[in-house]
Every structure is written in C-alpha cells, then in structure tokens.
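The listed protein sequences correspond, in order, to chains A and B.
By my numbering, the letter at position 56 of the first sequence is numbered 55, and the numbering carries on one by one without gaps.
By my numbering, the letter at position 198 of the second sequence is numbered 202, and the numbering carries on one by one without gaps.
Be aware that a few hints might be false.
What the hints assert, rightly or not - Partner residues aside, some chain B positions facing chain A, computed with beta carbon under 7 Å:
1. Val38
2. Glu39
3. Pro41
4. Ser42
5. Leu43
6. Val44
7. Leu45
8. Gln48
9. Asp445
10. Tyr480
11. Leu484
12. Pro485
13. Val486
No lab work stands behind these hints: they were computed from the structure.
Glycine included, every Cβ here is placed at the ideal spot set by N, Cα and C.
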Amino acid sequence: MPESGSSVARVTSLFGNDVLQLLERMRINSSRRFTNRAQGEHLISKGGSSNEFADYRDYVEGDDVRYVDWNIFARLQRPYMKTYRHEEELHVVILLDASASMGFEGKLTLAQQLAAAFGIMGLLSGERVSCWRLNGGEDALECLAPCRGRGSMAALLRFIEGVEAHGDMPIEMGVENCLRQHRGRGVAVLLSDFLTFGDVPRAMNSLFSKGLETLGLQILGPSEREPELEADVRLVDCELGRTLDVTGVGSLLDIYHEYRMALEAHLVAACTGRGGRFLSLDASADLRWILCDLLRRRGWVR
Amino acid sequence: MMPFGFSAPLAAWLALLALPLVAFYFLKLKRPRVEVPSLVLWQQVLNDSRVNSPFQRFKRNLLLWLQLLLLLLLVVAAMQPYLRSRRGRRMQLPILIDCSASMGAREKAGGPTRLDLARRRAAERIEGMLRGERICLVAFSRRARRITDFTDNKRELLAALDRITVEEVASDLEDALNMAQALGRATPVEEVLLLSDGNLPAHSAVELPFALTFERMDAAGPNAGITSLRAVRAANNQWRVFVGIDASESYRGPATLEAMLNDESLVREVVAPTFDNPERVIFTVAGDAPSRIQVRLSVDGVDAMASDNMATVDLPALRPANVYVDEGLAACRRVVSLMEDVELWPGPQGERTPGDVYDAIVSGTVADEEALQAPVRLGVGYLPTALTGTVTRLEGADRVVDWRRDDSLLQHVALGNVVLSAGTRYSGTDGIAACEALGFDVMVHGAQGPLLVRQQSEQASRYTLLVDIEQTTLPYRVALPVMLANLVNLSLEGEGLAKADGVGLLSPEETRLVAVDRIEFAEVAVSAADGPVRGTRPLWPVVLMAALILLLIEWWFFHRMHALKHREKLA
Numbered sequence: 000m001p002e003s004g005s006s007v008a009r010v011t012s013l014f015g016n017d018v019l020q021l022l023e024r025m026r027i028n029s030s031r032r033f034t035n036r037a038q039g040e041h042l043i044s045k046g047g048s049s050n051e052f053a054d055y056r057d058y059v060e061g062d063d064v065r066y067v068d069w070n071i072f073a074r075l076q077r078p079y080m081k082t083y084r085h086e087e088e089l090h091v092v093i094l095l096d097a098s099a100s101m102g103f104e105g106k107l108t109l110a111q112q113l114a115a116a117f118g119i120m121g122l123l124s125g126e127r128v129s130c131w132r133l134n135g136g137e138d139a140l141e142c143l144a145p146c147r148g149r150g151s152m153a154a155l156l157r158f159i160e161g162v163e164a165h166g167d168m169p170i171e172m173g174v175e176n177c178l179r180q181h182r183g184r185g186v187a188v189l190l191s192d193f194l195t196f197g198d199v200p201r202a203m204n205s206l207f208s209k210g211l212e213t214l215g216l217q218i219l220g221p222s223e224r225e226p227e228l229e230a231d232v233r234l235v236d237c238e239l240g241r242t243l244d245v246t247g248v249g250s251l252l253d254i255y256h257e258y259r260m261a262l263e264a265h266l267v268a269a270c271t272g273r274g275g276r277f278l279s280l281d282a283s284a285d286l287r288w289i290l291c292d293l294l295r296r297r298g299w300v301r
Numbered sequence: 005m006m007p008f009g010f011s012a013p014l015a016a017w018l019a020l021l022a023l024p025l026v027a028f029y030f031l032k033l034k035r036p037r038v039e040v041p042s043l044v045l046w047q048q049v050l051n052d053s054r055v056n057s058p059f060q061r062f063k064r065n066l067l068l069w070l071q072l073l074l075l076l077l078l079v080v081a082a083m084q085p086y087l088r089s090r091r092g093r094r095m096q097l098p099i100l101i102d103c104s105a106s107m108g109a110r111e112k113a114g115g116p117t118r119l120d121l122a123r124r125r126a127a128e129r130i131e132g133m134l135r136g137e138r139i140c141l142v143a144f145s146r147r148a149r150r151i152t153d154f155t156d157n158k159r160e161l162l163a164a165l166d167r168i169t170v171e172e173v174a175s176d177l178e179d180a181l182n183m184a185q186a187l188g189r190a191t192p193v194e195e196v197l198l199l200s201d202g203n204l205p206a207h208s209a210v211e212l213p214f215a216l217t218f219e220r221m222d223a224a225g226p227n228a229g230i231t232s233l234r235a236v237r238a239a240n241n242q243w244r245v246f247v248g249i250d251a252s253e254s255y256r257g258p259a260t261l262e263a264m265l266n267d268e269s270l271v272r273e274v275v276a277p278t279f280d281n282p283e284r285v286i287f288t289v290a291g292d293a294p295s296r297i298q299v300r301l302s303v304d305g306v307d308a309m310a311s312d313n314m315a316t317v318d319l320p321a322l323r324p325a326n327v328y329v330d331e332g333l334a335a336c337r338r339v340v341s342l343m344e345d346v347e348l349w350p351g352p353q354g355e356r357t358p359g360d361v362y363d364a365i366v367s368g369t370v371a372d373e374e375a376l377q378a379p380v381r382l383g384v385g386y387l388p389t390a391l392t393g394t395v396t397r398l399e400g401a402d403r404v405v406d407w408r409r410d411d412s413l414l415q416h417v418a419l420g421n422v423v424l425s426a427g428t429r430y431s432g433t434d435g436i437a438a439c440e441a442l443g444f445d446v447m448v449h450g451a452q453g454p455l456l457v458r459q460q461s462e463q464a465s466r467y468t469l470l471v472d473i474e475q476t477t478l479p480y481r482v483a484l485p486v487m488l489a490n491l492v493n494l495s496l497e498g499e500g501l502a503k504a505d506g507v508g509l510l511s512p513e514e515t516r517l518v519a520v521d522r523i524e525f526a527e528v529a530v531s532a533a534d535g536p537v538r539g540t541r542p543l544w545p546v547v548l549m550a551a552l553i554l555l556l557i558e559w560w561f562f563h564r565m566h567a568l569k570h571r572e573k574l575a
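Input sequences plus hints: build the corresponding full structure.
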C-alpha cells in the first residue's frame with residue numbers, strides 16, 4: 000500500500016493521500032448513455048441545455064428558435080439548430096463481493112481499494128454513488144445509500160473499510176438481490192473473483208436491463224493464477240466446505256490454466272456483449288499502476 | 005509347449021497381496037487439505053474428458069500402478085520362472101567332465117585350459133539350476149570317478165568342480181558312460197552332459213540308455229610333445245633309445261629335442277614334427293652302469309601343453325644273461341651259444357653258477373626242475389608229473405594244429421611246417437579244460453593233444469615241450485632259435501634288462517589333440533554342439549533386476565523430478 004507523507008494524517012487506511020490526490024483528477028468514463036434524467040454533472044449526448052456544444056441538426060417545425068444558428072442562416076439561408084449536451088446524473092453502483100473466497104491473498108483489499116477509488120471518482124464528479132457489500136448469511140446484503148458530493152466521501156470510505164470477507168453468497172445472487180432494491184441508471188462496478196457455479200451472464204443481463212453499464216473487475220490471487228500444488232491433495236472450498244480430492248495435481252495444471260482462461264474469456268464475452276467492460280486483475284498488482292496506467296489505457300477512466 | 009515355465013507356481017498366491025496393497029494405497033492417502041477460494045475451476049478440470057481418459061487416470065494413479073507392477077515382478081520372481089531348453093527340463097543331470105591330459109591344453113600362453121572352460125560351462129549349469137533339479141559331477145580320465153552325488157547344493161557342486169584337476173593320462177569315455185549308466189540305475193537319468201575337448205575315440209560300443217549332450221570345448225593352440233620313449237637292449241652291452249615326437253594339426257615350426265644322460269647333455273637335435281609325420285630320434289647309450297635318460301622338448305612359440313615336453317627313462321646296468329641248457333639238448337645249446345651277451349651253462353668243464361641260479365633254463369629232465377632256479381624255464385621232451393593222468397604221449401606222426409602267437413615265447417615263431425614223429429593225446433574228453441584246471445595253458449595244440457604247455461606262477465613261467473625235440477624237425481627250423489631268443493628275452497624282461505619304457509609320457513592322441521566332432525555309439529551317433537547347449541535358464545534374476553530398476557525409476561520420478569521442479573521455481 001503506498002504511503003503518504005508521514006506528517007499528514009491519512010484520510011483512509013485503504014490507500015495513501017497521494018492516491019487520493021490522483022483520484023480527485025480522475026473521472027469514470029462511461030461509454031453508454033445510462034444516465035438519470037435528473038440534472039447532473041455528467042455530460043451525455045446532445046439535446047441537453049448545457050453550455051457544451053454537441054452538434055447541428057436541421058430545423059423542424061416547432062423547434063425553439065433560440066437555438067437557431069443565425070450566422071449560418073445568414074450565409075446559407077437555411078435554419079440549422081445548434082444542439083448542446085445534456086448534463087445528467089450518472090449513478091455509480093459499486094458491487095463489492097465480500098464472500099469468504101475474497102479473503103484470500105489480498106483479493107478483498109484490492110477490491111476495497113478499487114471500490115473506494117471508483118466511489119471517490121463518482122463522488123468528486125457529482126454522481127450519485129451507492130455501494131453494496133455482497134456477503135452471505137444474515138447480513139447478506141448491506142448498502143451504502145446513494146449519496147453525492149465530497150461530503151459523502153468519509154461515509155463511503157468508512158463503509159468500504161468496514162467490509163470483511165465472510166459468507167458464501169455467490170456473486171450472481173448478490174447482484175440479483177441488489178437490483179431488487181436499486182433504482183437508477185449508470186455504471187455498475189462489479190468487484191469479484193467471479194468463481195461461482197452460478198449463472199454470471201444472467202446477472203449481467205439484469206444489470207443491463209436496469210440501465211447499468213457493467214464494469215467487471217475480476218480479482219484473482221497468485222495461487223489462483225499459478226497454483227503451487229503437487230501430488231495428491233484434498234481441496235476444500237472455503238465458502239461451502241466442500242472437498243475435492245485431486246490426484247497428481249502437477250499434471251493437471253495445464254488444464255486448470257485452460258479453464259481459467261476460458262472463464263475469463265467467458266466473462267469478457269458476457270460483459271462486452273451487454274455493453275460493459277471487463278478486466279482481470281492480480282491481487283498483488285499495484286493500485287497506482289491499475290488506476291493510472293491500466294484503467295486509463297483501457298479508457299475506463301479519464 | 006510354452007517357452008517358459010515356473011519352478012514354484014504356488015508363489016502366484018502372493019499376487020493376492022495386491023488387494024491389501026490397493027487398500028492401503030487408498031487408505032494411506034491422507035491427503036493434505038488445501039483450502040482454496042473456490043472449487044469451480046478444479047471441478048471443471050476434473051470433469052474434463054481428458055482428465056478422465058484412461059491414460060490420464062493411469063497418470064493420476066501412476067504411483068499405484070508402479071507399486072502394482074513392482075509387486076507383479078516380485079511375485080513372478082518368487083514363482084521362479086525359467087526358459088525351457090529344447091530338450092526340456094532335466095531333474096537329474098550327470099555331468100561328465102573330461103580331465104585327461106589334453107584338457108590341460110591352452111589356446112595361448114597364460115590362457116585358460118580346456119578344463120577351465122569345461123569348469124565354466126559346468127558352473128553355468130550349476131548356477132542355472134532350478135528348484136528340484138539335481139546334478140551329479142563325474143570326472144573321467146583313464147577311469148571315471150564320481151565327484152559328488154546327485155545334489156542341488158550349489159556350493160558343494162562348485163567346490164567339487166574346483167577340485168577337479170588335469171590328469172596326465174588318456175581318457176576312457178566308456179568307463180564314464182558306464183558310470184553314468186550305473187547312476188541311472190539308482191536315479192532316473194534322461195540326459196547326460198559330456199564336457200570334453202573331443203579327444204575321444206570316434207567309435208564306442210556303449211549302448212546309450214539316455215540322451216547324451218556332447219559339448220566340445222574350443223580347440224586348443226598348436227602343440228608338440230614327446231609321445232614315446234623306449235630303450236631296447238642292443239648289441240655290445242648298449243641300450244638303444246627311441247624317442248617319438250608328435251604334433252597337433254595346427255603345429256608349425258621346429259622344436260629342439262635334448263637328451264640328458266645323468267644330467268649331462270647327450271643328444272641335442274632340432275626336429276620338425278607334423279601331424280602327419282611324427283619325428284623319431286634314436287641314439288645309443290652304454291649299458292655298463294645304471295643311468296637315467298631325461299628327454300626334453302623345447303618348442304619355439306606357442307605350445308598348448310607343457311606336460312608332454314619331458315620324459316624320463318631309468319636304465320639298469322646290462323649284464324650277460326645266464327642261460328642253462330641241458331647238455332643232452334645239443335641243438336638248443338648250439339643255438340644259445342651263438343647268442344650275443346648270453347653265457348651258456350654248464351660251461352665246458354661242467355661249471356655252474358653259484359647256487360645254480362640262472363636267468364633261463366632249458367632242461368630235458370623233470371629232475372632239473374627242482375634242482376635249478378630260474379624265472380623262465382623250458383622243459384623239453386617230458387610230461388610234467390601233474391599232467392600224467394590227463395595227457396598221454398603217443399608214438400606216431402603228429403602235427404601242429406595251432407599255437408598262441410601272442411605269447412611271449414612264441415612271438416614270431418612259425419610252427420606250421422614242423423614235422424613231428426611223436427605226439428600226445430588227451431586222456432579224457434575235456435582235455436583242454438582238464439589241463440587248465442591243473443594250471444596248465446596249452447600254447448601249442450597238436451592233432452590230439454597239447455604239444456607245448458605253460459604253467460604260470462608268480463615266481464616263474466614254466467614252458468614244457470611234451471615231445472622230444474629230436475623227434476621233430478624243430479632243430480632244423482628257424483622257429484627254434486627264435487623261440488630260444490624269446491626265452492632269453494623273457495628272462496631278461498623280468499629283470500628289466502631287455503627293454504625299458506619311459507615315464508611321464510602321454511599317448512600320441514593326447515599330444516596330437518585330435519578332436520572328434522561326432523561319436524558313433526552302438527545305436528546312435530552324437531555330434532558335438534557348436535557352443536554351450538542352453539539348459540533351462542532361470543529368469544528370476546532378470547525379473548528381480550527389472551523390479552529393482554522399476555524401484556529406482558519410481559524413486560527418481562517421485563523425488564528427483566519434484567526436486568528439479570522446486571529448483572526451477574526457485575530459479
């Protein structure tokens with residue numbers, strides 16, 4: 000975790016103040032126009048009333064003549080309408096998988112950092128931000144109510160810092176439960192390892208139908224990417240307690256890698272097929288590199 | 005018939021150990037528990053058809069399969085598998101090992117002798133003995149002797165094998181085969197293994213009641229040696245010495261023969277014997293005093309056998325033979341008086357030797373038999389007292405029907421043209437048998453009775469001519485001087501004064517290293533095998549070795565490979 004200056008108190012235990020400073024200059028780059036009609040700060044397509052010019056179009060009867068470009072009319076003797084971009088509200092929904100499987104090898108830590116980063120970006124850009132913790136058991140679903148503005152940052156950070164890994168809720172069920180209560184269109188940042196027996200594309204469909212662009216971030220630990228197992232072992236599922244006897248693990252690693260890559264490809268297809276985006280991250284990856292390099296290059300943030 | 009079999013098939017029950025092995029294998033799998041975030045990917049991996057393919061299943065349980073294979077090999081080894089020979093398995097096998105002089109031949113200087121090779125072949129058979137098989141070792145040269153009983157004690161057999169040494173005599177295969185037959189009477193014997201260099205007679209009258217496997221050792225190198233050394237009394241009180249040198253078929257080149265008389269060189273001669281033309285060296289030695297002749301052959305180059313390069317003969321001092329001839333036997337006295345190195349008694353003045361002891365006596369009366377002492381006697385013209393009831397003298401013509409030409413007295417004696425005006429007749433019908441019962445051998449047969457008889461005792465040989473010599477034409481025939489010369493020689497031979505044979509000699513066949521590749525027996529012919537005839541060969545050492553290799557592979561696979569992987573990861 001990057002350290003901020005020693006003389007300045009850290010705002011959050013998730014990352015240093017330097018990362019916070021970076022986040023203040025970053026915005027979520029939504030590629031879809033899933034916005035709320037409420038006036039917001041998030042510019043979307045033309046047809047709005049903001050000061051930011053969007054395009055020209057032919058005049059049709061009934062149009063507000065205030066938006067006719069008279070200079071063009073003087074030159075061409077034909078009326079053209081100037082259109083401006085909307086400034087509408089974008090709802091940033093952060094879905095943080097906090098089941099027991101995320102407690103391995105710093106997966107939850109990175110997920111928390113990224114959740115906080117996306118939340119801070121949303122808050123600082125005037126979007127509505129809500130955060131959902133997906134666990135299992137009695138407190139299976141806990142939500143930070145939609146909030147807005149810099150003043151909500153402390154609550155957001157507090158909420159995310161309090162997340163602990165436990166429970167056995169599959170990600171797709173968590174998403175379904177969340178969407179039953181959620182209202183608003185925007186971006187859904189889905190942070191999970193996506194290691195579930197359930198139907199993840201169905202959850203993606205639900206997100207899409209709710210008007211949420213899915214930004215899927217798969218976080219896998221080093222042992223999940225490169226298992227260091229040998230001979231005969233009994234694998235125990237940390238969530239379900241199920242066991243699986245595997246003989247001669249060493250000879251199966253190639254097939255394991257094939258299936259891992261296939262899962263990743265499957266998730267990429269499920270996301271992109273529904274207008275979303277997907278990234279698979281290593282839990283040991285550097286947060287600054289993810290934010291400043293990887294996500295920028297992929298166009299997730301700007 | 006399967007090309008292999010098992011000596012202990014009951015050991016196959018040990019294969020049941022596979023059950024506890026499999027049970028323990030799965031029970032012992034106290035697999036280390038590894039907690040993982042999710043089993044999603046692993047479950048998919050295990051459901052993959054490739055993982056569940058037979059080969060993958062095999063790979064996943066490779067350790068179990070290796071252990072089962074190891075157990076299988078151990079069980080097979082315990083069953084004592086063997087490879088059948090062409091002849092099948094022999095439970096009792098006598099091995100006849102030729103240890104005659106030619107078995108001491110070598111192919112090159114310092115190389116193994118033929119006996120060493122035979123020992124190796126026998127040791128291979130002994131080492132390859134299976135359970136229930138027994139071997140009996142018989143060594144044979146001039147005589148066969150059993151070295152061990154039928155036994156399966158390998159240590160005893162190998163120790164007995166080491167005790168067999170080369171004997172400087174020729175071999176007698178028939179004696180060995182007779183012994184094998186005798187062994188077969190007590191124990192059923194189906195096959196006999198003969199290990200020899202092939203220096204054996206090509207024909208044998210033995211009827212083989214068993215199969216004979218003849219393994220011939222590889223041919224030895226070139227050889228030359230002394231095969232005969234004989235000294236014969238010659239004129240002028242001298243010994244004439246004959247030395248024979250033979251050579252094997254591959255021998256080429258000269259050799260040097262040196263004769264030493266009382267350790268002083270007497271004769272030195274270069275000889276070049278070949279297989280077809282043996283060399284003969286003759287020289288004389290004075291017989292005035294006792295002497296020892298040692299003959300030594302020095303061969304240039306390779307000589308397969310050293311034992312036939314030296315021979316010795318001891319020569320006594322020569323003296324004239326004292327021969328007593330009855331003064332009434334004028335013809336005989338005349339003949340004896342003309343012989344060289346013979347003193348005729350009684351002398352002209354009737355002199356006699358002290359004690360009346362002579363080398364030979366020719367007497368004309370029964371009374372002389374008691375009065376005179378000599379190892380060889382010839383009585384002429386009377387009937388021995390013991391034969392008076394068995395043989396009767398007849399007046400009238402008789403003739404010589406037959407005579408024993410192989411007798412020392414009658415060698416080179418021709419009696420066919422001797423005319424007799426008197427003869428004898430058997431008194432009874434069983435004449436010859438009656439004579440033999442009285443201790444007389446009939447040497448010359450007349451028409452009706454014996455003409456010359458011999459009475460042999462330890463002290464003397466007594467010949468008696470039953471008809472008067474004057475009643476025959478014998479004095480006019482050459483037969484008489486030949487017969488009397490034989491008589492004198494016979495007396496001298498008894499004293500060792502006629503001839504002397506060398507010692508330390510091998511037979512020419514041994515020196516010539518003649519090797520037959522086929523022996524004709526009474527009913528069958530046995531050919532020599534080109535190489536070692538494979539008996540039943542035990543396979544358990546091979547199986548056990550395979551098990552050991554498998555164990556090493558297993559060890560390497562499960563330890564070394566993992567260590568390498570770990571090292572690679574660290575790197």
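Verification of the hints:
Because the closest C-beta pair between B:Val38 and chain A is about 5 Å apart, less than 7 Å, the hint holds. Nearest Cβ of chain A to the Cβ of B:Glu39: about 5 Å, under the 7 Å cut. The hint holds. Hint status for B:Pro41: holds, given a least beta-carbon distance of 4 Å to chain A, under 7 Å. Because the smallest distance between the Cβ of B:Ser42 and any Cβ of chain A comes to about 3 Å, under 7 Å, the interface hint for this residue holds.
For B:Leu43, the interface hint holds, since its Cβ comes within 7 Å of a Cβ in chain A; the closest pair sits about 5 Å apart. Hint status for B:Val44: holds, given a least beta-carbon distance of 5 Å to chain A, under 7 Å. With a cut of 7 Å, the hint placing B:Leu45 at the interface with chain A holds, because the nearest CB-to-CB distance is about 5 Å. The interface hint given for B:Gln48 is met, as the beta carbon of that residue sits about 5 Å from the closest beta carbon of chain A, less than 7 Å.
Interface restraint check: B:Asp445 against chain A, minimum CB-CB distance 99 Å, threshold 7 Å, status violated. The beta carbon of B:Tyr480 is not positioned within 7 Å of any beta carbon in chain A (closest approach about 118 Å), and the interface hint is therefore violated. The closest approach between the C-beta of B:Leu484 and any C-beta of chain A is roughly 112 Å, which is over the 7 Å cut-off, so the hint fails. Below 7 Å, beta-carbon pairs count as interface contacts, and B:Pro485 has none with chain A, the closest being about 110 Å; its hint is therefore violated.
Residue-level restraint check for B:Val486 is violated (minimum Cβ-Cβ distance to chain A is 105 Å; threshold 7 Å).
In terms of the numbered hints stated before, the structure departs from hints 9, 10, 11, 12, 13, listed from lowest to highest.
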